[in-house]
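**Student:** With the hints as extra help, turn the sequences into a complete structure.
First to last, the sequence lines map onto chains A and B.
The letter at position 35 of the first sequence is residue 35 when you use the working numbering, and the numbering goes up by one with no holes.
The letter at position 27 of the second sequence is residue 27 when you use the working numbering, and the numbering goes up by one with no holes.
Warning: the hint list may mix true and false statements.
Stated by the list, open to error - Pair by pair, the computed Cβ-Cβ distance ranges are:
#1 A39/B - I83/A: 37 to 47 Å
#2 L46/A - D71/B: 18 to 28 Å
#3 V15/B - E15/A: 37 to 47 Å
Hints listed in this document are in silico derivations from the structure and should not be mistaken for laboratory results.
Just so it is clear, the structure is predicted and the values come from calculations on it, not from any experiment.
Glycine included, every Cβ here is placed at the ideal spot set by N, Cα and C.
Here is what each chain is made of, one letter per residue.
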Amino acid sequence: AQSVTQLDSQVPVFEEAPVELRCNYSSSVSVYLFWYVQYPNQGLQLLLKYLSGSTLVKGINGFEAEFNKSQTSFHLRKPSVHISDTAEYFCAVSGGPYNFNKFYFGSGTKLNVKP
Amino acid sequence: SQTIHQWPATLVQPVGSPLSLECTVEGTSNPNLYWYRQAAGRGLQLLFYSVGIGQISSEVPQNLSASRPQDRQFILSSKKLLLSDSGFYLCAWSVLGGEQYFGPGTRLTVT
Chain A
1 AQSVTQLDSQ VPVFEEAPVE LRCNYSSSVS VYLFWYVQYP NQGLQLLLKY
51 LSGSTLVKGI NGFEAEFNKS QTSFHLRKPS VHISDTAEYF CAVSGGPYNF
101 NKFYFGSGTK LNVKP
Chain B
1 SQTIHQWPAT LVQPVGSPLS LECTVEGTSN PNLYWYRQAA GRGLQLLFYS
51 VGIGQISSEV PQNLSASRPQ DRQFILSSKK LLLSDSGFYL CAWSVLGGEQ
101 YFGPGTRLTV T
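**Tutor:** Dropping the structure here:
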């Protein structure tokens, strides 16, 4: 089974500063990768996804992520954060086209953007 | 476009009472359906998933059960709630090779 590691449980950052949220997964076989955002008392919203193709993926709200197969990583970045980006972010992996039923989530990273 | 509904939005139930949470999806056919739970300050725990009507896979042994009586309906149930069942319950759907889409969630408090 896959495992997903988000090393940082909380990331404080000042407004307009850049941020990187780290995600590593366990398997080097073909996978699909996702980042979700969750605001308090709401469901998860898809930020971006990597299915195939370019390793640099752009998503909503100015976020992007880079797939690194050799390091089994999928770090999320934003060059300049806003107060409204304060939320919890989850990295997720599915087994790709041959094991699409299950998704594995990291434990989440709480991003706290300070004025 | 696709939409996923969950109800109720919040629920307060006493220990030992039954539970029924419902999830329905609109705008897609034969989706994979999932139930997750988030305990306070914790990540997502996959409880059940279903690839078709009547097909349920259980991920964690517990006093909860799930059913899929119709293609786009997924129900989470319990005969007797425990305090440890408190949490935020999320329903999600996906299609072959794609991402998951989540419902708005149900906040369950067992007292």
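**Student:** Please list, smallest to largest, the hint numbers that this structure does not respect.
**Tutor:** 1
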